[in-house]
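Peer 1: Sequence:
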Amino acid sequence: MHRLSSLSAALLLVLSGSAAAHASSCSVESNYDLKLRPDALELSGEQQADRRLKISNGRLWVNGAEMDLSRGDQQRLRDIERHARVVADQAKDLAIDAVALAGTAIARVGSALGGSDGEALVKRIDDMRIKLSARIEDRFEQGEFDDKYIEQEVEAMVSEFVPAIAGEVAALAVSAALSGDAAAAERFEQRMKNFERDIEREMEARGKALEKQAEALCPELLKIEALDEALEVRLADGSALDLVSLKH
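Note that the sequence shown covers residues 817 to 1064 in the working numbering.
The set of hints was computed from the structure by calculation and includes no laboratory data. Don't take each hint at face value.
[Said to hold, decoys possible] Have a look at the derived ranges for each label pair, beta carbon to beta carbon:
1. Val878 with Ser975: 30 to 40 angstroms
2. Asn879 with Glu1045: 17 to 27 angstroms
3. Leu1051 with Asp1014: 51 to 61 angstroms
4. Gly1054 with Arg951: 49 to 59 angstroms
5. Arg1017 with Ala881: 48 to 58 angstroms
6. Lys947 with Arg887: 43 to 53 angstroms
7. Gln890 with Arg1017: 22 to 32 angstroms
8. Asp1053 with Asp1014: 51 to 61 angstroms
9. Val902 with Glu1048: 17 to 27 angstroms
10. Glu1048 with Arg868: 12 to 22 angstroms
11. Pro854 with Arg1013: 41 to 51 angstroms
All C-beta atoms in this analysis are idealised placements derived from N, C-alpha and C, irrespective of residue type, glycine included.
Please put together the full structure from these sequences, using the hints given.
Peer 2: Laid out in structure tokens, this is it:
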């Protein structure tokens, strides 16, 4: 039954592909979670749970209190906000492509299983993919772009369908084993091996394409990092904002 766990792992390649993209030539590290509003960037501290930043049109608020800024910092914050919106737009497209990739991976398994159950599964997957892509678009248009939302939604989509697929594969394997037809059981096992190999190759290739899309974010991220490092404003404890850092 090792073939069962291998197929499930193949489905999760899209998630490992996303991880590889984040570990690309300019992987991002930040002490903040970002939410993109129509008129502002809102950042909440991960390590400092009580720290909340708001950046809007060259102005900065820390925990609700507006900070005094030099003209240089005002312009830098405007530029940071502008570049952040460019990155968010590109990230939205990347997220929709990741959703499509996850849906394709799962649908391929459903199609390979065949039968009415497989067809119904493929339809459910496609419906969910369309709805999830629409939700991503809607959230972005409303300015509610949350950098953790996409990952959670894709993981939820994969998690919903992997058990159903695993159960179907198990049922087919048991049916082949109980049929008494050794040749049929062997053919089923070989079919699963071939399918696993093919889908791993396809998902790896598509995952690399996603990585290239992720790397296209690097120029804008580098601009944000440079602007962040140039900010003169300091927090009450004397520390810099340190919005983002990149590993090159």
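Peer 1: Output the indices of the hints that this structure fails to meet, ascending.
Peer 2: 4, 7
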